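Student: Here the protein sequences come in this chain order: A and B.
Letter 144 of the first sequence, counting from 1, is numbered 144 in the numbering used here, and no numbers are missing.
Letter 116 of the second sequence, counting from 1, is numbered 1116 in the numbering used here, and no numbers are missing.
These aren't lab readings, by the way, just hints derived from the structure by calculation.
Hints may contain errors.
Covered stretches of chain A, as calculated for chain B (at least 3 residues, CB under 8 Å) [as the list claims (entries may be wrong)]:
hint	region
1	3-14
2	24-33
Ranges between beta-carbon positions, derived for each pair [stated by the list, open to error]:
hint	chain 1	residue 1	chain 2	residue 2	range
3	A	E145	B	F1080	43 to 53 Å
4	B	L1109	A	R178	20 to 30 Å
5	B	I1074	A	A175	52 to 62 Å
6	B	F1080	A	I243	44 to 54 Å
7	A	T153	B	V1006	54 to 64 Å
8	B	F1080	A	D177	40 to 50 Å
9	A	A175	B	L1109	42 to 52 Å
10	A	S14	B	N1126	39 to 49 Å
11	B	F1007	A	T37	48 to 58 Å
12	A	N136	B	I1110	12 to 22 Å
13	B	I1042	A	K228	51 to 61 Å
14	B	A1005	A	F19	23 to 33 Å
15	B	I1042	A	I25	54 to 64 Å
16	A	F20	B	L1109	13 to 23 Å
Calculated cross-link-like contacts (lysine-lysine; reagent style DSS-like; alpha-carbon spacing at most 30 Å) [unchecked claim]:
hint	chain 1	residue 1	chain 2	residue 2
17	A	K165	A	K42
18	A	K165	A	K194
19	A	K3	B	K1053
20	A	K84	A	K2
21	B	K1124	B	K1053
22	B	K1142	A	K3
23	A	K54	A	K32
24	A	K3	B	K1004
25	B	K1052	A	K2
26	B	K1004	A	K228
27	A	K42	A	K2
28	A	K3	B	K1052
29	A	K3	A	K42
30	B	K1142	A	K140
31	A	K38	A	K182
32	A	K84	A	K38
33	B	K1142	A	K2
Remember, it's a predicted structure, so these values are computed and weren't measured experimentally.
Backbone N, C-alpha and C define an ideal beta-carbon position, used for all residues, glycine too.
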Amino acid sequence: MKKISYQYVLIFGSFAVLFFCLSQINWVGMFKVEQITKKTEKSIGNKCWDLFKKEQKVSDNPDAIRAVDSIINRICIDNNIDSKNIQLHLLINNEVNAFALPDNHLVIYTGLIESTENESQLAGVIGHEIAHMQNNHVIKKLVKEIGMAALITITNTSGGGEMVKEMAKTLSSSAYDRKLEKEADIQAVNYLIKANIDPIPFANFLSGLDTTNTDYSMSWLNTHPDSKERGRYIKAIAKGKNIHPVTILSKSSWEQLKANINN
Amino acid sequence: MKEKAVFAYTPTDFETEKASNSYLMSLLALIAGLPLPIINLIATIIFYLLHKKSTYFVKWHCTQALLSQLSVFIINTIGFWWTISIVFGTPTITNAYFAYIICMFLFNLIELAGTIYTAIETRKGNHIEWWFYGPLTNMICKS
């Protein structure tokens, strides 16, 4: 019995020691795994964005872009996020929708900006999408819905056709799973609080209290189920927090943004 | 790792062939079963069950082959599901993952070399006892 124990420890102990020693080596760096992953994500993100650019009208209004960018910058600076990585795109579309594409493409439909009543609501939506980007939810969702093998195929082929369309549809018109959505909501609230933006208007936007206008196609709300519940827990998180809201855009700048979008 | 030992009796040609085949079972399944670790184990289990009531020499080597396959199965299964979780779940490849795959590969290589060697020696009528698996088999298999 002693002999068996001794030999068992020797064999499997050697395995464990070898495993421990080998795991100290930087294989990830050696095989450039991060670079390959980033390269794949960049390729997928660009292909998706190219498709949207081709099928929809892009807003090139510099004042509108600058205004939305200033909201993004405020959230990023106060939360130590590199805003240079985030690529903002405004699409002229009546749908109330915003979504993230791989490689930090942030797409906001003008319909969503029109439906928001103040910068805090818009900041909440932007914060939510930034949270998805920062937590790698976008790629996780694609791997789950489409599969890693398909993603690699898209990266390695020029075009990608139907698969890219499917990817674009998945990202723009379906929500992430409940766990990821809640994670993004909570993180968005934390971003807003750190950026001195009141999260309550965002909660109200989710609950649909401020947006009763049925002219808009409410894709962003319809694809994110249980909006009222989300509004409730966001208010619960924000409760008791010491927030001193500081405006990002002046009243006239906000009105100018809405006017630019309407035009 | 492997030592030539003296067996209780001199096995017949028929027995040495059967005993050698128990090791070959895992090799044949290896080629057909990659990358599913379960197929190797199932093949070895089936062979063991078929020869459970055979002579002591055959039974002994079927048991040793099965026990070694069990360890390989456990190690390979961990590697297999870890890979699946990366491909279909959260795509995070870490240094630990690379280290495990290398260790798993080396373990399989050593086991493969040992299995081939033991299959050849057993066919010649030599009794080979592996470290740990040999004494464990002695405990399980009584003549």
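Student: Honestly, which of those hints from before does the structure not fit?
Tutor: 3, 4, 5, 8, 10, 12, 15, 18, 20, 23, 26, 27, 29, 30
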